[in-house]
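Asker: Letter by letter, the chains look like this.
Number of protein chains: 2
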Amino acid sequence: MNDRLARVTLMRLAEPGDAVMGRLVASCGPEAAVGQVREGRLDPEFTRWFASSHRRGSAESQDEQITTRLKRMLASWATRLESADPDRDLAEGEESGARLVVPGDCEWPTQLNDLGDSRPHALWVHGEADLRFSCLRSVAVVGSRAATPYGTHVAAEFGAGLSERGWAVVSGGAYGIDGAVHRGALACQTPTVAVLACGTDVTYPSAHQQLFAAVRSQGVLVSECPMGTRPTRPRFLVRNRLIAALSRGTVVIEAAVRSGALNTAGHAVSLNRNLAAVPGPVTSETSAGCHRLIRQGTAVCVTTPQEVIELVGTIGDDLAPESRGPILPRDELNPETRRVLEAMPVRVGVGPATVAVAAGVDLETVLSCLGALAAAGYVERVPRGWRLRPDRSPGR
Amino acid sequence: MNDRLARVTLMRLAEPGDAVMGRLVASCGPEAAVGQVREGRLDPEFTRWFASSHRRGSAESQDEQITTRLKRMLASWATRLESADPDRDLAEGEESGARLVVPGDCEWPTQLNDLGDSRPHALWVHGEADLRFSCLRSVAVVGSRAATPYGTHVAAEFGAGLSERGWAVVSGGAYGIDGAVHRGALACQTPTVAVLACGTDVTYPSAHQQLFAAVRSQGVLVSECPMGTRPTRPRFLVRNRLIAALSRGTVVIEAAVRSGALNTAGHAVSLNRNLAAVPGPVTSETSAGCHRLIRQGTAVCVTTPQEVIELVGTIGDDLAPESRGPILPRDELNPETRRVLEAMPVRVGVGPATVAVAAGVDLETVLSCLGALAAAGYVERVPRGWRLRPDRSPGR
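So the sequences go chain by chain: A and B. The letter at position 305 of the first sequence is residue 305 when you use this note's numbering, and the numbering goes up by one with no holes. The letter at position 250 of the second sequence is residue 250 when you use this note's numbering, and the numbering goes up by one with no holes.
Honestly, the hints are just simulated from the structure, not real lab data. Treat the hints with caution; some may be incorrect.
Said to hold, decoys possible - Stretch-level coverage of chain A by chain B, calculated; a stretch enters the list once three of its residues show a Cβ under 8 Å from a Cβ in chain B:
1) 149-158
2) 337-346
3) 356-369
Unchecked claim - Quick list of the computed label-pair ranges, beta carbon to beta carbon:
4) A:A146 - B:V348: 28 to 34 Å
5) B:N113 - A:A374: 41 to 47 Å
6) B:R330 - A:P44: 35 to 41 Å
7) A:A78 - B:P335: 17 to 23 Å
For each residue, glycine too, the CB sits at the ideal point set by N, CA and C.
With the sequences and hints as input, model every part of the structure.
Answerer: Structure follows, in structure tokens:
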């Protein structure tokens, strides 16, 4: 059994993200790990590590309990090994059009190594884009499945805005925010990456058949599950760590306080990735999770794709323009002239002395300011003195 | 001329917030300050202070220019002094129903001393409430005049929520956010304070006549301008420093990037008051100023009145409850039981061995978990094995 077949077997043996199996594989390699499960005998060194890392305090009386636990784990792996058929799995996957990517392959995204023992054993990748290359400049955008029209609008804008600027969007292919952000990204040219909690040959949700086809033709579908795997709640949660690990940062758009998107946010933080959240109406439950992240200082508040890029991009390279209002011509007047302008009457003209009292400046200043203001078209001379030009009456 | 008459005179001489006049008054008292303006001769010590504080670098060649500037200032004060009539001002104010509050009075809000030289000379106060007492536990809530329905809704909620909890709301009595927050506060029992940029006898905007009447009967109208003063743009800006200084903190609800509310926010920061901003849709221009304050870390993101009180209240006394979702019963299952539950089929029953493979746990565990799950009403026995109870099918 070679490395690839062993990894395909491991995908069947343990649930994704099983860090104990991850540790076993890291310590002796995938082939030996499968061998040890088959023989029902674990390496003594690994057993010692397991015992020491699960012991609380120094009490060795727990050891029997810990040994039982490890035996049960081994039994559960062995139960699954009996029904595993890696040759068939590999053939089926390739038949479906997907390719197996394992650590060491050119397409393996090395940033997944940050996951340590919960790194996936291998990935099924299905689509035209190169997974590793796509993820070099990528941002995860995640959020509620029960998104509001506001959320899906913003998600589509962010997807398109990031893609337009050459940033690949990584998301989970779900209803709501995920779907909207993939669609936004597909409207531009950069690949988009959908990380699934089921096999790449399973269309979940089934209404996303066309969306997944579009992602395959312009990006990739990715999964650490064997072909045919159905999604379950725990699989969604462990899948989220891949979304966070693949990208340089995670943006949350709409998440209620118990949304799965906050789980992805947590992974991003513990992986030292950037985390950002998009605010929304405080009257909307689906923005409450985002606001909590911002309030706690866990996430940066972002309002545009440019601000996301500023956060995850190279320092100094990708600065977002600061939001500004228009510069009004009156802002450029000097303070005294502005005071004179503010003191001018709208209808009936008045003499310079009255203006001087109203503006709180002396007569000489008023006379010079009135000249400047008339030249600039702000005021005009009328029979009884000076007044604002009716077309320049200042809105306040 | 006594202290009160002198202060009424000063309200006419200089524009509100004129720190040079403020310095003169601080150095020799209001009566002597008026006397010096009348005689056209400033105290030499004050003149030296003015020169030294306006000199850039050490060049003494600027002194002539600086002296000219001070002379012009003195001339403009003198021009206004000629038409000032403090006895009439005082009588008119009292006739209108307002009262003059000066430093040293019981009702003088001593926190205004934080303004230093730009502290107002005196305040006209009109209404049933006591200004000083009302402001002891107060929060300024400000925002755009061109507010959206979202903004006015949130402002009314915040006004009512703060008032309900015994916090006085300070605002500017303008259209939009200001009006909505005063109205919200009036619906509850705590006084509300409207700080105007015009005389307390001037109703600006005129559509707020009823609102101002309500504020007078349950709170106070406040102004540092003489009776009859019309609002001008610079007066709005200097008025904002009073709103910030009177309250323990400022909350911005909806502000475009050039909104006057951001000017109030700036005063709050430079006065070491708390600053908070309410987020809104990123698609709304009128929330862009709030988001910028949050992004820069200048303002804390707040979403409820409780969170505002937590910020401005006494530490440990006024904690806001953290937003939480409901706790689901399945969250309380242990991890193994949850895995078994997740692996259960929805329709056709299956045997425990199949469940063991799907869940990745051994047969013995499955059997004990199935018992517990059946007892809790999650699963049921059917002719061909076990399945989820149709009414407990997990939403994901």
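Asker: Decide, hint by hint, whether the structure agrees.
Answerer: So, going through the hints one by one against the coordinates:
no.: 1; hint: 149-158; result: holds (count 3)
no.: 2; hint: 337-346; result: holds (count 4)
no.: 3; hint: 356-369; result: holds (count 8)
no.: 4; hint: A:A146 - B:V348: 28 to 34 Å; result: holds, 29 Å
no.: 5; hint: B:N113 - A:A374: 41 to 47 Å; result: holds, 43 Å
no.: 6; hint: B:R330 - A:P44: 35 to 41 Å; result: holds, 38 Å
no.: 7; hint: A:A78 - B:P335: 17 to 23 Å; result: holds, 20 Å
Taken one by one, the earlier hints all hold for this structure without exception.
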